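So the protein sequences, as listed, match chains D and Y. Heads up, the first sequence is in this note's numbering, so the first residue is 1 and it goes up one at a time. Heads up, the second sequence is in this note's numbering, so the first residue is 1 and it goes up one at a time.
Hints should not be assumed to be uniformly reliable.
Unchecked claim - Below, a list of computed lysine-lysine pairs in the PhoX-like style, where the Cα atoms sit at most 20 angstroms apart:
1. K45(D) with K239(Y)
2. K249(Y) with K45(D)
3. K394(Y) with K180(D)
4. K84(D) with K249(Y)
5. K479(Y) with K45(D)
6. K59(D) with K179(Y)
7. K239(Y) with K84(D)
Said to hold, decoys possible - Chain Y is faced by these chain D residues, among others (derived, beta-carbon under 7 angstroms):
8. L37
9. E46
10. A50
11. L51
12. E52
13. V82
14. K84
15. Q85
16. P86
17. I149
18. P158
19. Q169
20. S172
21. L176
22. A263
23. Y273
No wet-lab data here; the hints were simulated from the structure. Computed from a predicted structure; not experimentally measured. Every residue, glycine too, gets a C-beta built ideally from N, C-alpha and C.
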Amino acid sequence: MVLYVLNRVLSILLVLLVVSFIIFFATRILPGSAANLMLGEYATKESLQALEREMGLDKPFYLQYLNWIKGIVGGHWGDSLVMKQPVASIIKLRVKNSAFLAIFSLSAVILIGIPLGTLAALRQKGKLDLAIMTGSYIGISIPEFVTGILLILFFAGPWMQLLPTGGYQELSSGVLGWLKHLILPSATLTLILLAHVVRQTRSGVIEVLKSNYIRTARLKGAPERRVILRHTLRNGLLPTITVLAMDLGYLMGSIVIVEEVFAYPGMGRLIIYAITNRDVPLLEMAVLIIAAVYTISNFAADMLYLYLDPRIRYR
Amino acid sequence: MLHNKEQALAEGEGEGKLRRKKNGEAQGKPGKTFDLEGGDRMIKKKRQGGTISRRDFLRTVGVVGSGLALQGFSPRMSFAQSEKYGGLLRVSGTFGLTTLNPMMHISAAEWVVTKWMYNNLARLNYKREVVPDLAESWEAKENGKVWVFKLRPGVKFHIGREVTAEDVVATFQTILDPKTAAPYRGEIGPIDKVEALDKYTVRFTLKMIFADFPAALTIPASRIIAREGLADFKGLAAKEFGSGPFKLKEFVPGDHVTVERFPDYFKKGFPYLDGVNFKIFPESMTEITALKNKEIDMILDVTPELYSQVATLPGVDGMAVPGGTFSNVIMPSDKPPFNDNRVREALKYTVDRNLMLAAVYGKHGEIGNDHPVSSAYAFYADLPKRQQDIKKAKALLKEAGYPNGFAFKLSVSSSPPIREKIAVVLKEMARPAGFNMEIEVMGYDRFLSQVWNKGVPYIGYYGTRPTADAILMKLYHPKEGLDEGRWAASHPDAIKLLEQARETVNIEKRNKLYGDFQKISRDEGPFIIAFFRNELSAKGNYVKDFHLNPSNYELEVDEVWLSSEAPKKKG
Chain D
1 MVLYVLNRVL SILLVLLVVS FIIFFATRIL PGSAANLMLG EYATKESLQA LEREMGLDKP
61 FYLQYLNWIK GIVGGHWGDS LVMKQPVASI IKLRVKNSAF LAIFSLSAVI LIGIPLGTLA
121 ALRQKGKLDL AIMTGSYIGI SIPEFVTGIL LILFFAGPWM QLLPTGGYQE LSSGVLGWLK
181 HLILPSATLT LILLAHVVRQ TRSGVIEVLK SNYIRTARLK GAPERRVILR HTLRNGLLPT
241 ITVLAMDLGY LMGSIVIVEE VFAYPGMGRL IIYAITNRDV PLLEMAVLII AAVYTISNFA
301 ADMLYLYLDP RIRYR
Chain Y
1 MLHNKEQALA EGEGEGKLRR KKNGEAQGKP GKTFDLEGGD RMIKKKRQGG TISRRDFLRT
61 VGVVGSGLAL QGFSPRMSFA QSEKYGGLLR VSGTFGLTTL NPMMHISAAE WVVTKWMYNN
121 LARLNYKREV VPDLAESWEA KENGKVWVFK LRPGVKFHIG REVTAEDVVA TFQTILDPKT
181 AAPYRGEIGP IDKVEALDKY TVRFTLKMIF ADFPAALTIP ASRIIAREGL ADFKGLAAKE
241 FGSGPFKLKE FVPGDHVTVE RFPDYFKKGF PYLDGVNFKI FPESMTEITA LKNKEIDMIL
301 DVTPELYSQV ATLPGVDGMA VPGGTFSNVI MPSDKPPFND NRVREALKYT VDRNLMLAAV
361 YGKHGEIGND HPVSSAYAFY ADLPKRQQDI KKAKALLKEA GYPNGFAFKL SVSSSPPIRE
421 KIAVVLKEMA RPAGFNMEIE VMGYDRFLSQ VWNKGVPYIG YYGTRPTADA ILMKLYHPKE
481 GLDEGRWAAS HPDAIKLLEQ ARETVNIEKR NKLYGDFQKI SRDEGPFIIA FFRNELSAKG
541 NYVKDFHLNP SNYELEVDEV WLSSEAPKKK G
């Protein structure tokens, strides 16, 4: 088991190293440098050269890369090229915002998605099953900018005005305001992610319900409640956990559109910003952090498997 | 999403509303919004025995009447001066806000917010007049080669120290230092030397006579920064060392800036507002809903597609001002086919300018004449506008040796969208004359590195400058500007006109020189400038005494105040 865990940890480090190199390489082969973009259509040859020197863009590629890796390991993440501020402080706020949104959405997805999926499985091919599956498909098939804008118009529009249209509020300046700003974006995300979880839970549960040990459990007279909660869900939810782990990574960095629609400053918008401005140190760190979230949440999923499924433990 | 400077510069403002106001109409839409303040002013005027025009009278009656009918008679007919104080003004933009360093600005959002925290020596007001700011007066010597600026004494920086000539000198030395790599270094004037003569006197020695020097000092890049701030140049990205009406309270890059009232501001009694907030809303539907809900009070830049929808919202004032922002088709004139003026003229003749404006910018603009000087500038020459004439275009092409026309590639950046729209419309307009255009759309990064200023046909984008000199030099001069059209070498006499004009102090002579240049540019120049877009903004009608500047990033809020309908007004 120790070997298994060690193996997973090493693979995380390897993934991160490869990702860092790919990103660094990719930003260098794209046309146009950060200096070029910063000066835009006002650049003169001398101002361009001065800026490139200042940014260290005139040094060889491998040196830039090694310096950067050294910095990360030593805790010096460098400064954003364009914002001229420490990358760490810029990213901190965005990670926090994204994490709030992710926790909210993921909790909603778990609390709604797993019961619905289980219900659909138990009423397989019934009317309720059909309703749940159709409903969740509608959620996933409408693009998020449509869902988002509809929610804004409805709940934040002049008729209701229950919630703010966008932006965020610090937790320190009031829990209610903080909460209000999170509701619409996480509702949008929940609608999108629900289908994954409902569908995965449903098929996982159906699969398990057919198994011999469930039949055994029923035959030995275990109450239905216990059969479902203890025997079925514990095994049927394993694939759902993987889906949720992937969703966490998605929520942390790939929800640009939702962040833009709700003017929410999270990691997604930061990455787009960093790409369009060729802000390499910022981009690198942001992508690395998202890669880390993906790998770590998958690691956590593996650990959860370990707990839920003894077969892995004894392998 | 992209933060290009031109986009920034291009953010101008609308003035239709302002002009109307100047003529004595209410700032709100008559019948839709109640301008209690305006009505009140009229009544005061009446009491003071002033004369009231018919229009004023109608307005007063209309305003008070509708107020009575819909709101009940408001006892607050007279706003005491003190009632103007307080409140937070919230402004929104769609992109930018990366640095607070005035010298390193790259987009309009940054120009807007640093205006609240800093001062220039002189500023450009909404009537496009150059007026004193930190300098209380200035004087040209040696015909305009040497300029002496007298600073206002007793002005305080936010750090508590007085603004002195040393700060001005340090600021300009920093921006002129090539190591600073300031993007707008080329636009602050041909400064050779800057010295402090005494505590309040600064002398600029220029490389040549330059009549528009004070105007050049109004651009956002030349805001005056305290020496302490310049000593930590990198730190200026997130801190401010200004003397403006507001001081920095909070800055989250890419999201928002909040500033609060500076009690020691040199304009006594100003500003009225407690603070101002600028917030980025990347999605314009969200931005507009926020304005409807009074979650924000002003939108810096409304797209032409949404303008009429926004301007007719209840409680919202649309603001439209003709500015000098344009998007130009660049025809490289140093090699075939565009080195032949007949070919350039032929392409110019294919454009139906009114239709182009309507299709691309919803009629919110002014027809252009293939030179960059709009009617918003002094020295604008009102020459006869070129009309579409396909027959003539065909004949010119035939004469130039292209009886069957020819094909060429026109490259455009996807940002801002106006470039691509112009390209698509031009392609269709020019096809009947024999121009077969292939349009290549690319990201801004690729555009900058592969197309821009590389001597190929593409579409540029320019914002309003303080003076005609600034935009003309930028576009045509091979050394002081870019000469993207590769045209200067074949037209040295025209370039000489520009050089003469900036060194000429006599207004009539300058007018003639600029007029001659605009004519040459229209008839032989390397650009098609079909129209100038209006600057379009919107605000809640409770935001009072705000004037949209034709350079809309000059968002001056010193005298702005919020009436009691404002949601964030305290008390």
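Hints breached by this structure: 1, 2, 3, 12, 16, 19, 20, 21
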